[in-house]
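As given, the protein sequences belong to chains Z and X, one line each in that order. Following the numbering used here, the numbering of the first sequence begins with 1 at its first residue and continues without gaps. Following the numbering used here, the numbering of the second sequence begins with 1 at its first residue and continues without gaps.
Bear in mind the hints are in silico, worked out from the structure with no lab data behind them. This structure is a prediction, so every number in the text was calculated from the model and none was measured. The beta carbon of each residue, even a glycine, is placed where N, CA and C say it ideally should be. Take these hints with a grain of salt, some might be off.
Claimed, not checked - With a cut-off of at most 27 Å between alpha-carbon atoms, the simulated DSSO-like pairs for lysine-lysine come out as follows:
(1) X:LYS200 / X:LYS177
(2) Z:LYS240 / X:LYS481
(3) Z:LYS224 / X:LYS177
(4) X:LYS279 / Z:LYS224
(5) Z:LYS185 / X:LYS481
(6) Z:LYS224 / X:LYS200
Said to hold, decoys possible - Using C-beta positions, here's what the derived DEER-type ranges look like:
(7) Z:GLY342 / X:GLU458: 54 to 64 Å
(8) Z:GLU247 / X:VAL274: 42 to 52 Å
(9) X:ASP185 / Z:GLU105: 48 to 58 Å
(10) X:VAL274 / Z:LYS213: 48 to 58 Å
(11) X:GLY192 / Z:GLU228: 16 to 26 Å
(12) Z:LEU384 / X:SER94: 53 to 63 Å
(13) Z:GLU75 / X:ARG294: 38 to 48 Å
(14) X:ARG97 / Z:THR245: 41 to 51 Å
(15) X:ASP132 / Z:GLU246: 51 to 61 Å
(16) X:ASN129 / Z:ASN269: 37 to 47 Å
As the list claims (entries may be wrong) - Some chain Z residues judged to face chain X by a derived CB distance under 7 Å, without partners named:
(17) ARG104
(18) MET156
(19) GLY328
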Amino acid sequence: MKNYDLVIVGGGPAGLAAAVSARDNGIESILILERDKELGGILNQCIHNGFGLHTFKEELTGPEYAARFIDQAAERNISYKLNTMVMDIAVMDSGEKKVTAMNREDGMFELCAKAVILAMGCRERSRGALNIPGYRPAGIYSAGTAQRLVNMEGYMPGREVVILGSGDIGLIMARRMTLEGATVKVVAELMPYSGGLKRNIVQCLDDFNIPLKLSHTVIDIEGKDRVEAVTIAEVGADRKPVPGTEERYTCDTLLLSCGLIPENELSKNAGVSISPVTSGPVVNDSLETDVPGIFACGNVLHVHDLVDYVSQEAAVAGKNAALYIQNGSSGDARTVEIVPEGGVRYTVPKFIRPERIDDTVTVRFRVGDVYKNCAVCVYLDDELLQKKKRPVMAPGEMEQIILTKEKLGAHPDLGRIIIRIEEA
Amino acid sequence: MYDVAIIGAGVTGSAIARELSKYHARICVIDREEDVCCGTSKANSAIIHAGFDAEPGSLKAKLNVRGNAMMDALAGELDIPFTRTGSLVVCTASQNRADLEALMEKGRKNGVPDLRILERDELLTLEPNISDDVVCALFAPTGGIVCPFHMTMAFAENACTNGVSFFLNTKVDHIEKSEDGYRIDTTHTDSGKTETFAAKVIVNAAGVYADVLNNMVSAHKLHITARKGEYCLLDKDAGTHVSHTIFQLPSKMGKGVLVTPTIHGNLLIGPTAVDVENKDAVNTTQAGLDSLGRTASLSVKNIPMRQVITSFAGLRAHEEGGDFVIGEAADAPGFINAAGIESPGLSSAPAIGEMVAQLAAEFLGLSANPDFIPHRKGILRPETLSMEERNRLIAEHPEYGNIICRCEMITEGEIMDAIHRPLGARSLDGVKRRTRAGMGRCQSGFCSPRTMEILEREVPMQMFDITKNGVGSNLVVGLNKEL
Numbered sequence: 001m002k003n004y005d006l007v008i009v010g011g012g013p014a015g016l017a018a019a020v021s022a023r024d025n026g027i028e029s030i031l032i033l034e035r036d037k038e039l040g041g042i043l044n045q046c047i048h049n050g051f052g053l054h055t056f057k058e059e060l061t062g063p064e065y066a067a068r069f070i071d072q073a074a075e076r077n078i079s080y081k082l083n084t085m086v087m088d089i090a091v092m093d094s095g096e097k098k099v100t101a102m103n104r105e106d107g108m109f110e111l112c113a114k115a116v117i118l119a120m121g122c123r124e125r126s127r128g129a130l131n132i133p134g135y136r137p138a139g140i141y142s143a144g145t146a147q148r149l150v151n152m153e154g155y156m157p158g159r160e161v162v163i164l165g166s167g168d169i170g171l172i173m174a175r176r177m178t179l180e181g182a183t184v185k186v187v188a189e190l191m192p193y194s195g196g197l198k199r200n201i202v203q204c205l206d207d208f209n210i211p212l213k214l215s216h217t218v219i220d221i222e223g224k225d226r227v228e229a230v231t232i233a234e235v236g237a238d239r240k241p242v243p244g245t246e247e248r249y250t251c252d253t254l255l256l257s258c259g260l261i262p263e264n265e266l267s268k269n270a271g272v273s274i275s276p277v278t279s280g281p282v283v284n285d286s287l288e289t290d291v292p293g294i295f296a297c298g299n300v301l302h303v304h305d306l307v308d309y310v311s312q313e314a315a316v317a318g319k320n321a322a323l324y325i326q327n328g329s330s331g332d333a334r335t336v337e338i339v340p341e342g343g344v345r346y347t348v349p350k351f352i353r354p355e356r357i358d359d360t361v362t363v364r365f366r367v368g369d370v371y372k373n374c375a376v377c378v379y380l381d382d383e384l385l386q387k388k389k390r391p392v393m394a395p396g397e398m399e400q401i402i403l404t405k406e407k408l409g410a411h412p413d414l415g416r417i418i419i420r421i422e423e424a
Numbered sequence: 001m002y003d004v005a006i007i008g009a010g011v012t013g014s015a016i017a018r019e020l021s022k023y024h025a026r027i028c029v030i031d032r033e034e035d036v037c038c039g040t041s042k043a044n045s046a047i048i049h050a051g052f053d054a055e056p057g058s059l060k061a062k063l064n065v066r067g068n069a070m071m072d073a074l075a076g077e078l079d080i081p082f083t084r085t086g087s088l089v090v091c092t093a094s095q096n097r098a099d100l101e102a103l104m105e106k107g108r109k110n111g112v113p114d115l116r117i118l119e120r121d122e123l124l125t126l127e128p129n130i131s132d133d134v135v136c137a138l139f140a141p142t143g144g145i146v147c148p149f150h151m152t153m154a155f156a157e158n159a160c161t162n163g164v165s166f167f168l169n170t171k172v173d174h175i176e177k178s179e180d181g182y183r184i185d186t187t188h189t190d191s192g193k194t195e196t197f198a199a200k201v202i203v204n205a206a207g208v209y210a211d212v213l214n215n216m217v218s219a220h221k222l223h224i225t226a227r228k229g230e231y232c233l234l235d236k237d238a239g240t241h242v243s244h245t246i247f248q249l250p251s252k253m254g255k256g257v258l259v260t261p262t263i264h265g266n267l268l269i270g271p272t273a274v275d276v277e278n279k280d281a282v283n284t285t286q287a288g289l290d291s292l293g294r295t296a297s298l299s300v301k302n303i304p305m306r307q308v309i310t311s312f313a314g315l316r317a318h319e320e321g322g323d324f325v326i327g328e329a330a331d332a333p334g335f336i337n338a339a340g341i342e343s344p345g346l347s348s349a350p351a352i353g354e355m356v357a358q359l360a361a362e363f364l365g366l367s368a369n370p371d372f373i374p375h376r377k378g379i380l381r382p383e384t385l386s387m388e389e390r391n392r393l394i395a396e397h398p399e400y401g402n403i404i405c406r407c408e409m410i411t412e413g414e415i416m417d418a419i420h421r422p423l424g425a426r427s428l429d430g431v432k433r434r435t436r437a438g439m440g441r442c443q444s445g446f447c448s449p450r451t452m453e454i455l456e457r458e459v460p461m462q463m464f465d466i467t468k469n470g471v472g473s474n475l476v477v478g479l480n481k482e483l
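One chain only, chain Z, in its complex shape (with noise of 0.2 Å):
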C-alpha cells in the first residue's frame, strides 16, 4: 500500500485549489484521484463567462478558470492520477485512511493516508427524484448532462425546449441552446422566486425573451419514443398543480434544473455524518468532518453559486489539512455550535473552535425564502454581536457572515452562536 500525507478525492476546482493550499502550508506527499479524463471537473463544460470575477478580478470562463488553477498545482508539481474512481474511503486502526481506488492502468489499488479531502461534488436531480408524472421518452435530460453534450461533445440534445427549473445551469442552457439554434420556449420554476442567480435571470433569459413563468411545473410529460409535449401547470402555496391553470407546450426536450445534490455515498461509507439539509459533510471552522482526518470543501460539502467561493473554502481545508498531518491531530478544544434560525437554513462551518481559527471565520449559509429590508442578525447566546442590512435575499444566493477571533475570545463560556434574520 503506497502512503500519501494526503489524498484529494476529486480534481476539480476544489481539489485543485485545497492542493495548491496544502502544498504552500507545506505538505508535499499529496495526490489527487479524478475519475474524469483531465482535471478541471465540472467547470470544463462551463464555457460561458463570470467566473474568476472575486479572486482574479477578471471574467472567465469555467476552462480558463480551472486553468488557472490546474497551472497552479502544475507550478507545485502536485501529483493526479485522471480517469481514476475512488471505490472506498475506511479509516484504519491507526486513525490513517485507507483509499482504495481503481483505474485502467493501475488496476485496484489501495493508498494510505494520514489526511483526506472529499472533493467530489455533486451531481443533478433526476427526473426520476422529482416523480414527474408521464411518458419516459427520450429527451428528457439534466441541464448538466445537455452543457456536456453541446459543450463539450458538440451535440444538440433537442430542438423546441421546455425547461423546468431556474437553477443556474438551467438559465445557461437556456441561452445556450439559443445560441445553438434551438428554441426555448419557457422555463417554468416550481417556486415563487428564481433558484439561480439574478444576473443570470437578466443575461440568459430576459436578454432572450425567454419567458420565466415562477410558480409552475411540469404534470405532464408526453411522447412514447421522443418527447412530444409536456404539460405545465400553476401551483398553489402547497405547490400542489392548480386545476384549469394547464398549458400544453408541444417540444422534444425538456431539461431539468431542479437543484443539485452533494454526492457523499464515500463519505457514508467512510462513517462521515451528513447533514440532512445540505446534503453534505457536518463540519467545524477546519472544515472537518467528524472523522478526524477528512476534510470536505466545495460542492460536496455544500452546493455553491460561485466557484469563487469554492475555491476560497477549498483552500481552507488544505490549509488545515496540512495543519492535521503536521500536527498528527486536530487537538481538543472548546467547540460552539452555531445555530441557524429564523430563516437561515444552515451554515457551513457547523461547529465552531473559537481558540483554534484564524483572526476571522467565514460562515456560509443559505436562506429559505426570499427576504427584503432584513437584517442578518448574529446572536452570542442572547447578545447581539452584529447586524448587517440587506436590502434582498434569496434562496438562489449562499451568504456569508465574518466572525473574528476577538470577538469570540471576549466570551470565555459562549454557548452557542445563533444566524437569523431579522426586519432591518
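Put chain X on the given structure of chain Z with help from the hints.
Then chain X, alone, in the frame of chain Z:
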C-alpha cells in the same frame, strides 16, 4: 419456412424459445421492439411468487408453483440473479384474519410448501418496519426476487446460442392460415420494409397484443385489457427497509401494493391497478404515484419516499377469463396461444415455456436437439471478484478498470460485454437493462454521454442513430448550430 415462429420477445416468448431450442427445429422470434424484454417483462414487481394467490386448479396456480420450483436450477444454468427472500402477506387489525387463513389454505391446495402464519412478535423480528396496525402475516419462504431483465435475456441469449433466430424491430401486421401453416406479414419498424415469414406453428406470446393476433386467425375471440401498474423505485439507501416481499391482504379496498427489496438492493413499491384503453399507455400519473406511498404505509411504516429515484408503469395483459390462456386455438391448428400472461407471469414463465414447447413439439413431432447447450453465462460483475482476480482481469482487459456509471460502479468492460454478447445492446436502455449503467441514483445524468460514446465505437453506429430505446427515441438531433 420456420417450424415455429414465436411472436413476442418478452419473458414468456423467450422462455418458450429457449425450451423449444432443446428440440431439433427451425425457430424464430419476432418482436416489434428493438430489444428483448421491452414490454410487460421490463416493468413489473420483479418477484417470483410462491403461488398461494391463484385459484386452485387454474393454470396460474399450476404454472406459478411449477415455475417457482424450477427457478433454482434455472438460475444456476442461466446465471440469473435470483434470491429466495420469502414473502409475507400482512393482515392488519381491521382486516379479517380468516381471510389470511383462507389464503394459506388456498396456497396449500396449490402445493406451495412451508406456508405458515406468523404472529406480530415473530414478524417484528423479521421485519422491524412493519406497520403498527399489522397483527399477523402469512409467511411463504419460497417467494423470491429476481432480475426480470436478466431472466428474459438469459432465456433469449441461450435460445439464440442454440440457433433460434431473433427478428427485432419487426412488427406483425397480419397473420393468415396457409396450406402448410401460417403466413406472417411484417413491417420492419426501422427501415419501413415489409417481410413475410412462413411458419408451421405460431406461438402467440404478444403480451397485451395477444388478443389482436389471436383474433386474426381464430373465431374464439380473446379480449385483453391493459391493466396499468405504477411503481416507485427507491435509492439503495432505502433498500434494507424491508427484507422480504411484503404484500397486503386483499380486501374490499383493493389488492393493495407490495413493498419489496429488489435483487439489486433498491426498494420497490407498487403496483397500482387501473385498466386503460391504450395498450401503449406506459405513462405514470400524478394520482397513481401519489397513492403508492399512502397505500404502502398500511403495511410498512416510515418508507423514505424522498428517496425515490425513479418511477415507471407497466401494463399487465389481463384476459377477461381471468386465467392464462395457453394452448392451441380450437379452430386454428398450430396456432398456440400463450396469452393473458399477467401476474404471476414472470414466476410462471419457466413452466409456460416448458408447457408450450411441449405442445409445439407434439404438434410437429419434433425430436430432441442433441447439440443443445443448457448453460449461459451472464455479464461478468467485477464486484464479485477478489481484488487479485479483479486485477488479473484488468491487466488482461483494461476496460474493466474504467468506471463509466459511478452510481452503480459499472465498468466499460461490462458495457462492452453487453454490446457484444448474443442479442447485444444497441441502445442506452439496452445497456442499462443488461448492466445497470444509468439505473442508479443519478439516473444516467453522468454516464449517458459516455455510454453513447461506447455504443458509437463498439457497435459501431453513428451518434445520431443512438437511441434511448429504439426507433424514434434518438438522443441527439444534430450538431451545434446545425439546427
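Now for the hints, and whether the structure bears them out:
1. Distance check on the hinted pair: X:LYS200 and X:LYS177 sit about 10 Å apart at the alpha-carbon level, within 27 Å; holds.
2. For a cut-off of 27 Å, the pair hint linking Z:LYS240 to X:LYS481 is broken: about 38 Å separates their Cα positions.
3. For a cut-off of 27 Å, the pair hint linking Z:LYS224 to X:LYS177 is broken: about 33 Å separates their Cα positions.
4. Between X:LYS279 and Z:LYS224 the alpha-carbon distance is near 12 Å, which keeps this suggested pair within the 27 Å criterion.
5. As the CA atoms of Z:LYS185 and X:LYS481 are separated by approximately 18 Å, the hinted pair is consistent with the 27 Å bound.
6. For a cut-off of 27 Å, the pair hint linking Z:LYS224 to X:LYS200 is broken: about 34 Å separates their Cα positions.
7. Under the hint 54 to 64 Å, the C-beta atoms of Z:GLY342 and X:GLU458, about 56 Å apart, fit the expected range.
8. Between Z:GLU247 and X:VAL274 the beta carbons are some 26 Å apart, a value that contradicts the proposed interval 42 to 52 Å.
9. As the Cβ distance of X:ASP185 to Z:GLU105 is approximately 54 Å, the hint placing it in 48 to 58 Å holds.
10. Distance hint for X:VAL274 and Z:LYS213: a CB-CB separation of about 30 Å, inconsistent with the stated range 48 to 58 Å.
11. Separation of X:GLY192 from Z:GLU228 is about 20 Å and conforms to the stated range, judged on CB atoms against 16 to 26 Å.
12. Evaluation of the 53 to 63 Å hint for Z:LEU384 and X:SER94 yields a pass: the beta carbon distance comes to about 55 Å.
13. Between Z:GLU75 and X:ARG294 the C-beta distance comes to about 59 Å, which lies outside the given range of 38 to 48 Å.
14. For X:ARG97 and Z:THR245, the Cβ-Cβ distance of about 48 Å falls inside the hinted range of 41 to 51 Å, so the restraint holds.
15. A beta carbon spacing of about 39 Å between X:ASP132 and Z:GLU246 contradicts the range 51 to 61 Å that was offered as a hint.
16. X:ASN129 and Z:ASN269 have their C-beta atoms about 23 Å apart, which leaves the hinted 37 to 47 Å range violated.
17. The restraint placing Z:ARG104 at the interface with chain X holds, with a minimum CB-CB distance near 4 Å, inside the 7 Å limit.
18. Interface restraint check: Z:MET156 against chain X, minimum CB-CB distance 5 Å, threshold 7 Å, status holds.
19. Interface hint at Z:GLY328: violated, since its Cβ lies 30 Å from the closest Cβ of chain X, which is beyond the 7 Å cut-off.
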